[in-house]
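Protein chains: 2
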Amino acid sequence: MRSEVIQKLSDIVGKDNIYTSLEDLYCYTYDASFVKADLKKDLAGVAVYPGNTEEVAQILKLANRERIPVVPRGAGSNVSGGSISVGDCIILVLKRMNKILELDPKNLIAVVESGVITSQLQSEVERLGLFYPPDPASQAFSTMGGNVAECAGGPRGVKYGVTRDYVIGLEVVLPSGEVMNTGGRTIKNVTGYDMTKLFTGSEGTLCVITKIIVKLIPLPEAKSTMMAVFSEIEQACETVSEIIAVGLVPCALELLDNIYIRNIEEYAKVGLPTDAGAVLLIEVDGDAEILGKQIGKIEQICRRLGAVQIRVAKTKEEAEELWRARRSAFAAVSRVKPTIIGEDATVPRSSIPVAVRRIQEIAAKYNIIIAILGHAGDGNLHATILTDEMNLEEMARVEKAIDEIFIATVELGGSLSGEHGIGRAKSKFITLQIGDVGLEVQHQIKKALDPNNILNPGVMFGA
Amino acid sequence: MRSEVIQKLSDIVGKDNIYTSLEDLYCYTYDASFVKADLKKDLAGVAVYPGNTEEVAQILKLANRERIPVVPRGAGSNVSGGSISVGDCIILVLKRMNKILELDPKNLIAVVESGVITSQLQSEVERLGLFYPPDPASQAFSTMGGNVAECAGGPRGVKYGVTRDYVIGLEVVLPSGEVMNTGGRTIKNVTGYDMTKLFTGSEGTLCVITKIIVKLIPLPEAKSTMMAVFSEIEQACETVSEIIAVGLVPCALELLDNIYIRNIEEYAKVGLPTDAGAVLLIEVDGDAEILGKQIGKIEQICRRLGAVQIRVAKTKEEAEELWRARRSAFAAVSRVKPTIIGEDATVPRSSIPVAVRRIQEIAAKYNIIIAILGHAGDGNLHATILTDEMNLEEMARVEKAIDEIFIATVELGGSLSGEHGIGRAKSKFITLQIGDVGLEVQHQIKKALDPNNILNPGVMFGA
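Protein chains in written order, with full-length UniProt numbering: chain A, 1 to 463; chain B, 1 to 463.
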């Protein structure tokens, strides 16, 4: 990057908030996905940490004038390669903008800067008896800005929806450097196009998010957790469909396959039968009076569809123990192979049994290991490919397998990504789902808002 | 309209589905708003009733080529002048496309053509124990396509949100005549920009909606209805805030002021005390076991904040009787004056008391009658102006009063429209809320998708 640009950026954010050394810039060549920027070709020119919206605006004005790519970044926990450097770019890190600006129980809203950590917002609102449901696995370190940019989901999606269902207003900086407010503080708001939802999930390609207004809901009074063990994964899948079909909506409905079960048991010793085909972790929440009835109904369905073991947590500690199995899942399989590729293809709930079978067939065909874990309640399966990126021959088979998973997903009426985003990882597949007309329209929108293509170029649509 | 164009349109939809006579075209110069097209200048050239997506596509291709404005229209129940003719245009009525294509309880979704009547979908899904919550007052005759185009709301918005919260996929025809599918059948879906939400509430300016995929939820087991009477409207407003602030979320929380109360009582004889300052109609729903507790808590709050009378419905019939008061509201005030202008400015819930006071002050200042009724639970006040459009001197005062209501709404952090849309009625106010930058960005999007400005020109942004 030209030194005069770096000097100007330094003037904007202050010399303590700008990084240009090689060892610093290396950090932005990767995020939590398996996509990595080319260290020679794609190293960033500079990383800046603005402290407020005005600084973000000045940075974008400069970048737009000079046609320098800008990659917005929160905690870098993105799992689709959406926040990594692309050539001689500016990495714009929002982490210093980390203030919770308002907690407003009267209006059931919170206003935060985009660098606020999601779980921090959650604990603050829970202290007031309120609830911000979206719970991506990264919630302890990912930022609200990143969650909004990716439209993050999580286990609670099955009952409570995802980030887009809670964002009702934004302050963003456009590529031109202009500041724009969208939406507002009311649930009902139909003044103009819904820019808030357009920007939610736009993966840093249309604007830089600086402030977020989210709606909150009352914190459910109580919850109840159970685990059901099945000999065959098909039985677990049918159970998921049946629970939904009878009108029960648990706040989590998580599926673990045998590969996960065996590895979790080896790693965390939570007492899972290692010969089980699948385990369902189920949680219901709401008024204390009705949880027992709900758990009872779910238990009946599980037994009817062949559960060989059911554990209902009697205490908070027991519930925590059941969740420990789920939480240690990624760590557990990370021991098997050095490279873990977590896909998040999502299918209509009733297609889960077929989708699981197709994934297993694809794994067999290409002789690779694919473990399945997922937010089965909303069809969001995480097919986890356990591989080794150093083994190029195997990686070639992995890539073919991933292609086939995506094709199967779309054939089943599903989505390439439920909650991870398209990023750089899946951009080549996007027309598979949205079609040529869909892509063209999205291109037009990108072009209208970012005519110089400075914001996160290559993300979502490819080069 | 040129006869060759009419001939081509007739070839597309068939001669039984095209209307060109003066008396037919007059019908499209108005909708349910007070906006009326100029009978000389703005009479449509033709109205067509296509029977399927392919016909819609052909119509738009023709219109785009010939640069003829197209006004999409459902039942014409729009309350912001969003579906009326504009010059020598094509009125594109979607009412023949009225099939419920799929009811899928396993995946909790329904797929409908855009001409399906909202309440028809609702009764069909309720027979399966499912629920499509959005309940605009027009639900018995308005179409799903219209509801999506306007992002319709209703009393249940306070608990269940609005149309946008249920639309997860669309089939639309773009101004070019190309057919595009957005979203899909999964709740979690982050592949590309959220075009579904961008099109929801776009008021027929970006595309013509032909199919809609909505998510459904389980039908609540039971509901309980009560009415609380207050001497002063401020007490009722405070009660609304307090109910929300303690974490109770009724499925309806409706406010009627003294003007409404007196007129409803005169008209419908439901036993309201005509000297009351305000009445709250409150409904909770959910599992039968917990409704009593919830109603009890709400009753306590009402009493504490000064309710002079509380009626809790003991039977379905009693609940129906309480709702009869609310439902007869518009009919009741329609007897007072010939012209009823229903605004739907929406403020953050905690600002309801101030907003009500401001509206009353504005009414006094301009010496006009403004009755207040509203979905108070979500801040969506319907300030109802009772006037006479033949009285030009009074109408001038009415217009000034409306201006002031909008200014006050935005000052209070609210929205010009909660659920009615901007249409032609409020387009001149749009920058008040979204600002010049916001307007410019929305213009860019409109231009990108509809470069020849053929779709509903003048709606939302003005001429």
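Hints were generated in silico from the structure; no laboratory data involved. Honestly, I wouldn't trust all of these hints.
Which copy? The list can't say, so a pair holds if one copy fits it or any two copies do.
Pairs of lysine to aspartate or glutamate, EDC-like flavour, derived with a Cα cap of 16 Å [stated by the list, open to error]: (1) K447 - E266; (2) K297 - E221; (3) K15 - E238; (4) K365 - E321; (5) K297 - D436; (6) K106 - E242; (7) K365 - E124; (8) K61 - E318; (9) K61 - E317; (10) K99 - E66; (11) K365 - D42; (12) K337 - E317.
These numbers come from a predicted model, not from an experiment.
Here is what the structure says about each hint:
1. Taking identical chains as interchangeable, the C-alpha atoms of K447 and E266 are never at most 16 Å apart, the minima being 51 Å within one chain and 59 Å between chains.
2. For the homomeric pair K297 and E221, the shortest alpha-carbon distance between copies (15 Å) is at most 16 Å, but the shortest distance inside one copy (20 Å) is not.
3. When the C-alpha separation of K15 and E238 is checked against a cutoff of 16 Å, the pair qualifies neither within a copy, at 58 Å, nor between copies, at 51 Å.
4. Proximity of K365 and E321 under a CA criterion of 16 Å is satisfied in neither setting, with 36 Å inside one chain copy and 65 Å between copies.
5. When the C-alpha separation of K297 and D436 is checked against a cutoff of 16 Å, the pair qualifies neither within a copy, at 46 Å, nor between copies, at 55 Å.
6. When the C-alpha separation of K106 and E242 is checked against a cutoff of 16 Å, the pair qualifies only between copies, where the shortest distance is 8 Å, while the shortest distance within a copy is 38 Å.
7. Taking the shortest Cα distances, K365 and E124 never come within 16 Å of each other, neither inside one copy (49 Å) nor across copies (44 Å).
8. When the C-alpha separation of K61 and E318 is checked against a cutoff of 16 Å, the pair qualifies neither within a copy, at 54 Å, nor between copies, at 63 Å.
9. For a Cα distance limit of 16 Å, the shortest separation of K61 from E317 qualifies neither inside one copy, at 52 Å, nor across copies, at 63 Å.
10. For the identical chains of this complex, K99 and E66 are neighbours neither inside a copy (31 Å) nor across copies (54 Å), given an alpha-carbon limit of 16 Å.
11. Proximity of K365 to D42 under the C-alpha cut-off of 16 Å is found in neither arrangement, the shortest distances being 35 Å within a copy and 65 Å between copies.
12. In this assembly of identical chains, the alpha carbons of K337 and E317 never lie at most 16 Å apart, being 31 Å within a copy and 65 Å across copies at closest.
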